[in-house]
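A.B. asks: Single-letter residue listing:
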Amino acid sequence: MFDVILTTDRTMMTNHHGKEFLGFMATGPALGLPEPIWLWICAPKMKTDGVGRAWQAPYGMRKIEAVLMDAGFKVATIDPDHLDKHLRRAKVLLLSHHDYFALCPPSSEWWSITRKEPVNAKSFRRLMERPALREAKRRGLKIIAGGPAAWQWLWKVDKWFEWGVDTVVDGEAEKVVADLVSKALNDEPLPRYVYVGVDEVPRLEEIPTIKHASINGLIEVTRGCPRNCKFCSVTLRPLRHYTFDMIERELKVNVSEGVRDGLIHSEDVLLYGSKGVEPEPDAVLKLHKLVKSYYRKISWSHASLSAIKRAEEKHKLVSKVREIICDDNQDYWGVEVGIETGSVNLAKKIMPAKSAPYPAEMWPQVVEEAFAIMHENHIIPAATLILGLPEETEDDVMKTAELLDRLKPYRSLIVPMFFVPMGYFKTRDWFTRVKIRDEHIEVMKRCLDHALYWANDIMSKFYLKGPSRAPLRWMLKLFLAYVRWRTRNIDKKIEEWKARRDES
Amino acid sequence: MSDEVELAIIGKVTDNARRALLETFNALRSKGVKKVNLRAFTQSAPLKCIEGLREALLVNMVTSVRLYEHDLSELHDVLKRLVKEGKEVLVISDEEPLRSQVLDLLDSLKSEE
Chain Z
0 MFDVILTTDR
10 TMMTNHHGKE
20 FLGFMATGPA
30 LGLPEPIWLW
40 ICAPKMKTDG
50 VGRAWQAPYG
60 MRKIEAVLMD
70 AGFKVATIDP
80 DHLDKHLRRA
90 KVLLLSHHDY
100 FALCPPSSEW
110 WSITRKEPVN
120 AKSFRRLMER
130 PALREAKRRG
140 LKIIAGGPAA
150 WQWLWKVDKW
160 FEWGVDTVVD
170 GEAEKVVADL
180 VSKALNDEPL
190 PRYVYVGVDE
200 VPRLEEIPTI
210 KHASINGLIE
220 VTRGCPRNCK
230 FCSVTLRPLR
240 HYTFDMIERE
250 LKVNVSEGVR
260 DGLIHSEDVL
270 LYGSKGVEPE
280 PDAVLKLHKL
290 VKSYYRKISW
300 SHASLSAIKR
310 AEEKHKLVSK
320 VREIICDDNQ
330 DYWGVEVGIE
340 TGSVNLAKKI
350 MPAKSAPYPA
360 EMWPQVVEEA
370 FAIMHENHII
380 PAATLILGLP
390 EETEDDVMKT
400 AELLDRLKPY
410 RSLIVPMFFV
420 PMGYFKTRDW
430 FTRVKIRDEH
440 IEVMKRCLDH
450 ALYWANDIMS
460 KFYLKGPSRA
470 PLRWMLKLFL
480 AYVRWRTRNI
490 DKKIEEWKAR
500 RDES
Chain P
0 MSDEVELAII
10 GKVTDNARRA
20 LLETFNALRS
30 KGVKKVNLRA
40 FTQSAPLKCI
50 EGLREALLVN
60 MVTSVRLYEH
70 DLSELHDVLK
80 RLVKEGKEVL
90 VISDEEPLRS
100 QVLDLLDSLK
110 SEE
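From first to last, the protein sequence lines stand for chains Z and P.
Residue 404 in numbering that gives the first Met the number 0 sits at position 405 of the first sequence, and the numbers go up by one each step.
Residue 42 in numbering that gives the first Met the number 0 sits at position 43 of the second sequence, and the numbers go up by one each step.
If we strip away everything but chain Z, and leave its shape as in the complex, we get (with noise of 0.2 Å):
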């Protein structure tokens, strides 16, 4: 029926429960719970149409499946559990995913803390090994894999010829992926590689509309991001903000394929409409009345801390933003955000804007401020912190620690990430080189404190509350009551895990 094929493995095609940030679970192996409950909790099974359809499908995969659709090709996105007869007919097969090997953070430090490998890298491994597809790639499929982790390929080039992978396609893929699926059709040489340099992204009229519902409502806003951290390779491209007629017009087909809460997605929502990094109150706020006049709860995907600040302290916009967000259907929301670290040295050295518009030597003020912010308007972040950082001191990671304990009244999680290397330092053979030392243990620690303190406030009176969420917030509440018993001699076990590496 479809001569092309866009699917990815359970950990993806999921939409978690309506709860993004269940999601993290699949980057860790399955702890105190058997394998099928864990991905029950995460990546639950996706809804299909009477062909295997996904209901909701990841928004990259959304954009390319419009622009192949645009481009007139018989094409189609898949549920993994449906994709076995799909193959049969199918000539090409296009994959993504967020972390194919488990290799980006968190489910590398997972890895290495745990030894076990992640249910996402396991789940994807099962989907590249299933029999059909084998027998597919023997009658001549093509393989292209994409996606945010497509860079992972050249790190595990076995497993790209094992699994019969014709080409990888690394960036923004919309005006290159239609040439590559004909010329693969036409059975016409497909490079190994593509690399989609600043000349060859789309400019916002080359954008096309998704054509169906993404995970969780999720719609893009903007792309690019003005502030040139090292560690981070989206910053490099230029920056696109949607217009408003374009953002609707996917709220539409979310909305009008019963998905009725929704992810603005942007590095940064609150520099939506911005030319640099002073946010445009109008835009932001038209913004928000656009997506709620549609979706009955609203969340963020990014924002960076020094605009929660200027936004607030010049604007009051994070409290009209509130007034704008929070109502009968909702009295919080949810953000990703970027702390990274609390020492400016180090600030200074690897992320020099991203305090802007107040220079570096406030980052920690900054960071303190934007929680306190966030905390009074109802706010909950997930915050990361980057450890092992090039060039990172041992009192770098001793601030970031002092900082930990500054944040500790407000409700949020702060999430430890050792450094894998994106953006400039991405040549950089990290992983069989991680070095956990004594202070990166002390962060850590300092870290699963701060979650186990907020985390059941978090779930019962704002994440999971309600009658319908029971079984999911007890599920969790028991997965938490392991974390504490398992944890209860954590310095005792430290000191032991300690003296074993020293030995070695």
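Note that these hints are calculated values from the structure, not bench results.
Note that the structure is a prediction, hence the values are computed from the model and not measured.
Where a beta carbon is used, it is the ideal one built from N, C-alpha and C, also for glycine.
Honestly, I wouldn't trust all of these hints.
Unchecked claim - Partial selection, computed: residues in chain P whose CB lies under 10 Å from chain Z:
#, residue
1, Lys34
2, Val35
3, Gln42
4, Leu46
5, Leu89
6, Val90
Unchecked claim - Mimicking DSBU-like on lysine-lysine, the simulated pairs with C-alpha atoms at most 30 Å apart in a straight line are:
#, chain 1, residue 1, chain 2, residue 2
7, P, Lys86, Z, Lys229
8, Z, Lys229, P, Lys30
9, Z, Lys288, Z, Lys460
10, P, Lys34, P, Lys86
11, Z, Lys274, P, Lys83
12, Z, Lys155, P, Lys79
The hints should help you fit chain P onto chain Z, whose structure is shown.
C.D. replies: Chain P in isolation, oriented as in the chain Z frame:
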């Protein structure tokens, strides 16, 4: 220099070839080249070839790249086609006399055109 360049890496991807490739990539970028078609002509397994090219591929974050693999036996035909199409072809090889032979071949193909 045009926006698009053909860069042929011929024979084994040795440390010298890898260094030359990185230097060439940087030079092309600074000259404003927007797209590089990297053509790896090798008799070694493709797997080894990609591992050899990895650093150059990862370090680039600006220029568009297409990597094509060719068997060494295709060298003459591919170069002939590229020259006929008026493409600018640069050659990197750490193997002598292969490198000199390829450059001579390229010169003769250009003069034929």
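A.B. asks: Against each hint, give a clear statement of whether it holds in the structure.
C.D. replies: Evaluated hints:
{"no.": "1", "hint": "Lys34", "result": "holds (7 Å)"}
{"no.": "2", "hint": "Val35", "result": "holds (9 Å)"}
{"no.": "3", "hint": "Gln42", "result": "violated (16 Å)"}
{"no.": "4", "hint": "Leu46", "result": "holds (5 Å)"}
{"no.": "5", "hint": "Leu89", "result": "violated (18 Å)"}
{"no.": "6", "hint": "Val90", "result": "violated (19 Å)"}
{"no.": "7", "hint": "P:Lys86 / Z:Lys229", "result": "violated (35 Å)"}
{"no.": "8", "hint": "Z:Lys229 / P:Lys30", "result": "holds (23 Å)"}
{"no.": "9", "hint": "Z:Lys288 / Z:Lys460", "result": "holds (26 Å)"}
{"no.": "10", "hint": "P:Lys34 / P:Lys86", "result": "holds (12 Å)"}
{"no.": "11", "hint": "Z:Lys274 / P:Lys83", "result": "violated (45 Å)"}
{"no.": "12", "hint": "Z:Lys155 / P:Lys79", "result": "violated (34 Å)"}
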